[in-house]
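For the record, the sequence lines run as chains V and G. 1 is the number of the first residue of the first sequence in the working numbering; add one for each residue after it. 1 is the number of the first residue of the second sequence in the working numbering; add one for each residue after it.
Mixed in with the good hints there might be a few duds.
Straight-line distance between alpha carbons at most 25 Å, and here's what the computed SDA-like set of lysine to any residue pairs gives [as the list claims (entries may be wrong)]:
#, chain 1, residue 1, chain 2, residue 2
1, V, Lys123, G, Glu61
2, V, Lys375, V, Glu236
3, V, Lys71, G, Ser197
4, G, Lys60, G, Asn172
5, G, Lys60, V, Phe118
6, G, Lys131, V, Ile269
Simulated from the structure, these hints should not be mistaken for laboratory data.
Single-letter residue listing:
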Amino acid sequence: MYAKRIITTMFLVTALVITLPKGVFANGHDLESLKNTVEQLKTQLDKVQIQLKAQEEKTAKKKDIRDLKQKIEQSSIRPVEFEINDSIVHLAGYSSVTFADNDGAGDRFNQVQFSPIFHYQYKDLMMLESELEFDIGLDGSTTVALEYLTLDLFLSDYLTVIAGKFLSPVGQFRQNLHPGWINKLPSAPPGFGHDGATPISDVGLQLRGALPPLGNVRTNYSFYVANGPELEAITEDGEVELEGIIAEGFTRDADGTRVYGGRIGVLPIPELEIGISGVVGKTEVTVLDGAAFGDEPSRRYRVWGADFAWKYKGMGLRGEYVRSTIGEVTASVAPAGAHWRSWYLQGAYQFLPTKWEGVVRYTDFDSPHASEDQKQWAAGVNYLFSSNVIAKFAYEFNEGRVGKSSNDDTALLQMSFGF
Amino acid sequence: MKNYIHIKTALHAGVLILAFFLATAGAQAEKHPNEEGDSAQGAKLWAQTCSRCHNMRNPKEFRDELWVAIVTHMRVRAGLTGQDTRNILAFLQQSNSVARKSSFTKSSTTSESKGIAGIGVSSQDVLARGKTVFEETCVACHGDDGKGVVPGVPDFIDGNGVLSQSNEVLFNHIVNGFESPGSTLAMPPKGGNEDLSNKDIKDVIEYLNATFGS
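Use the sequences and the hints to build the structure in full.
In structure tokens:
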């Protein structure tokens, strides 16, 4: 609008200035030519005005721009079908690659792991959770395991029923800390890995959830009934002894009796969780010197554990104790009972605002075979590229397990990614 | 042997009673996970809960429907109540959207920012209102003492820190959310509480300056 007026005015002024000197000294002839000039100018001005109008129609007005903005905003709100998500598919998981330099076993890239997690959810009613674990063996072969597979049925705000193969709810390490991007050190504490001491997973039914909060105090629980573990025995110096508990989840129940277990976690304040767990039931020897072995009597199986986790800003302290006991039974090839016990204490500190984190862990693992007892100090430095992309460097000082490479000190480098 | 049978029976009974109680207590099966979340409560719970086992994951890392599956996964893993889960979900879904930025820009015309420049004389009233906002929405991450309780949150007490910036800058950062380069965690728009008005935010800035500023 303004532009138009300015141009018109300028045009007139220019015309005036050009014509004025002539007009001042005007005579009859001049007057005639002046008339002509004005006529010409008039037509030209009309043309310019028409052009301007056309131009104006093409350019947007302020109001148009505002309307347009609104339209863009509205259309940037997602289309309605994106709000429809009764059924959801989600892929998650983690992966890590580790390099180890062991005084006895030498140095090598010793672990490549890929663990995809699949989630299929229908409303707030059902979720399927499954984790596969792909590993590369020493000989280059790939092993695949169904780490867990559960159908989670949400019965109420406080209760979920879970059926399938689940991670053992005993303690924290198996359920909550084993993925590489979560564990602050590249290795599991002795006794909490796949070393036949603490439960790993089981096949059965689990009730899980939370109690209604009491003020600020929150309580979570899990109880389960499952097929239970089996036992492995070996012959050593002519005598048969229990070697380990195979607690990785069976779809058979060799002794025909289920095991019962669970955990209760209490958070008296939001920064602190304290948990106790236990398992009772029966089990029996099914493997002798690496071969299947049958017709064994069943015997007592007990686990109890306690754990805590405290977190404040960049600081995290946690610890865990687990003890597994197998009863004696005279009619067995390995009549003597046995117990495994392990505990660890771990402190981690992130030097905020940097991305560096330091961690120290002490573990004391006690096995029925003195030669397998192990004490370990592990210290590590991590660089957190982000919350889920972590480079770890750690050194383990090992003591015990005489004559085995796991007795030697080990330096570890690991790259971990959780997605 | 006898002992063992007793324990087993007791466990059976205990589990059944508990199951019945919990299944009936406020049964709300098939409630859609997107329903009825309170994002202000969610911000607090998120700050308290979601760094217990692993590093905090940034709300902006996932889009809305992925968060649905993730918080459901975490509900089972961490033993959260349904309501806690919905609250956290509401917070996460609100904190990951950029669309809200533009909806704010529209309403904050020049008169708004003039208003914020004009503050400075803070009546007790303003401070009291600001305190309420802080305690309801901000304290979850920034802490009573303003030093921050979650990794990645700045210390308000630091004299050369964030509060030395102008009120306009603070206003903008609080309303639109803010992430400094390389930071571990972003400040969610309006601290994750969509209900806060521009006036609430001005009040809370007054409160921050009066309480933690140098």
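Quickly compare the C-alpha distance for Lys123(V) and Glu61(G) to 25 Å and report which way the hint goes.
holds (22 Å)
If you draw a straight line from the CA of Lys71(V) to the CA of Ser197(G), is it 25 Å or shorter?
OK: Lys71(V) and Ser197(G) at ~24 Å, within 25 Å.
Check whether the Cα positions of Lys60(G) and Phe118(V) lie no farther apart than 25 Å.
This hinted pair holds, its Cα atoms lying about 21 Å apart.
Are the Cα positions of Lys375(V) and Glu236(V) separated by 25 Å at most?
holds (23 Å)
Between Lys60(G) and Asn172(G), does the CA-CA distance stay at or below 25 Å?
holds (19 Å)
With a cut-off of 25 Å on the C-alpha distance, tell me whether Lys131(G) and Ile269(V) pass.
holds (23 Å)
Checked against the numbered hints given earlier, the structure satisfies every one of them.
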